[in-house]
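Chemist: Following the hints, position chain U against chain X.
Those sequence lines, one after another, are chains X and U. Here the working numbering is used: position 296 in the first sequence is 296, and no number is missing along the way. Each position in the second sequence, counted from 1, maps to that position plus 405 in the working numbering.
Take these hints with a grain of salt, some might be off.
[Claimed, not checked] Below, simulated SDA-like cross-link-like pairs (lysine to any residue); rule was C-alpha separation at most 25 Å, straight line:
no., chain 1, residue 1, chain 2, residue 2
1, U, 529, X, 323
2, U, 529, X, 351
3, X, 395, U, 524
4, U, 529, X, 358
[Unchecked claim] Interface residues of chain X toward chain U, partial, derived using beta-carbon atoms under 7 Å:
no., residue
5, 341
6, 367
7, 371
8, 372
9, 402
10, 404
The set of hints was computed from the structure by calculation and includes no laboratory data. Ideal Cβ positions, reconstructed from N, Cα and C, are used throughout, including at glycine.
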Amino acid sequence: MQQNWKADFPVFAQFPDMVYLDSAATSQKPAAVIAAEAAYYREANANPLRGLYDLSVRATDAYENAREAVRGFIGAASAREIVFTRNATESLNLIAYSWGRSELHSGDEILVAISEHHSNMLPWQSLARETGAALHYLECDSSGVYTEEALRAALTPNTKIFAIAQISNVFGRISAIADFARICHENGTLIVCDGAQSVPHIPVNVQALDVDFLAFSGHKMFAPMGIGVLYGKEALLRKMPPFLYGGEMIEYVTREGAEYAELPHKFEAGTVNVGGAVGLHAAIDYVNAVGFAEIVRREDALTAFAVQEMRQIPHVTIIGGDDPAAHHGIVTFAVDGVHPHDIAAIFDSDSIAIRAGHHCAQPLHQHIGVSSTARMSLAFYNDEQDVEKFVDTLKTVRRRMGFER
Amino acid sequence: MSDNFYDEVLIDHNLHPQHLHDLPGATCSHAGMNPSCGDEITLHLEMRGGIIADGSFTGIGCAISQASADIMLDLIIGRTPEEARKLAALFRKMIGGEITPEELEILEEAGALQNIARMPARVKCATLGWRTLEHLLETAD
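Chain U on its own, in the form it takes in the complex:
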């Protein structure tokens, strides 16, 4: 393994998350947690005109869960819930090691988490934000 387990993308999103803040205009929120490690985030979305107009997350967690949630919000803000669901499915596919190179490009910076599949203990951290998103979209429908 390299000197640095975490690449620059993850480190940057962890140290300087764009979307770690409250969202006063949120129309829906959902809390997700990893009971085994104590990571917990709450995802906030502002739905307007059938799209995810804005989003944020609050809470605490490891670099993997924090960076993954931040990257996810970069990807889904401005998209429809349907598009967000498809991205979540693609992310799961990547974690499962079944993604094609073309699909990987769609995930943009989230591709930095591709190798997490090799660390089963951290998969839950990487998917925490995405799982919370899926629950939120389900209940918001």
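The following block holds chain X by itself, in its conformation from the complex:
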């Protein structure tokens, strides 16, 4: 825990007393990423993929190099399987609109894990309404565990797709995606994995997991906001119609129609976010330089420390159980008698940033029987002092709200 990784992140120099424990909402950005995006606009900015001049070629190279970096980072077979989007939400919508509206019909079934973020739930709700497909939920237990038995029991011959996050943004628990993918495929069902909370924190290899689609956001993995990724198996993407129509996604256009561009450009209509992609490339280089061994070691140690301290504080309940190994950088909790908004306000008055609310997972909160919760989430740049300050404030919350005086 010796290395001071905060030194790589300018925001911590700007606010030295701030304790940032909301990385599951968005991560901070290292200087290398900020510099890379700025350098692109200084040195290589032109509209890529179309200009027949040197600067545009540079922009195109920067963009396609970023795509190749993403391919390598998640172990995809081909760069044609990497589609740049704005964020995980857009990636998931792309699947629901493009694949869903062309492949699903009345009588088909969609299975969604109940703990999903709204962005991996609402697109499927909308798809079910429009196609007449039935939407079913896979229920977890109170610790957020999904079992293979439950999945097998929920799949039917009509289940066409199953949507689940690799790491829940509420529980922080890792689901056994590779096992779930095998079970789905035995049933002829596709699996969509939301990697928004996993790709920044653990090594993810799409071929090892054998998922059909993977969605994630750059901004949660130290890259700029506004750049995200959809991975899809090439055979699937090839069959899917475009999601948005416009420039850059066509071969030629006539009065009657168009011939669409090759993968992945078919899904990238309009001028793309090259600056964001370059930032994401720099973020990937940064993560690789730090190394997942270091990232996982630090985050697991800090999570375990937080959970061990929190479970000794009276009137504090950890959502998803007291086992430190079950929470990967995300600890959601409640304090008896204190509304999560008030918890967050008290933390804020001590310069500690945490999240409060339903974390975009209202059906899950209904399922586990609480209306809202508070959440602290870590990244490898956090340190033991951050967790100590968090615990110190947590101990004062009830007293400061007028209890036990």
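Modeler: This is chain U only, laid out in the frame that chain X set:
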């Protein structure tokens, strides 16, 4: 910011709300909610002889929304709907940061919420009760 974000007035109204109960004699009720945070209260009023003879609220929410609704009911019980509307307008003025010291005195304990204007995320919590009151008075007319 001070050690305690919440002053004694808010803490007391949150922990010991006078008006958090059902109102069997209610002549009108209205539900208000903050969809983004899940706070929801239902405001109940008993109108008699052109005045708000009694009132209460039910529901769940954060300390700000609960205390604000409780303080509001302290202020409006015994007043006419017109007076209650004026108080609601004054409260909005306070949240907007445009209130005079004389006007602030009229709001009595509700003045404890003056600084909420600096926390945009909590403004909706502070105004939930008042917004619900305005809707209720509109529809009750």
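Chemist: Which earlier hints can't be squared with this structure?
Modeler: 1, 6 and 10
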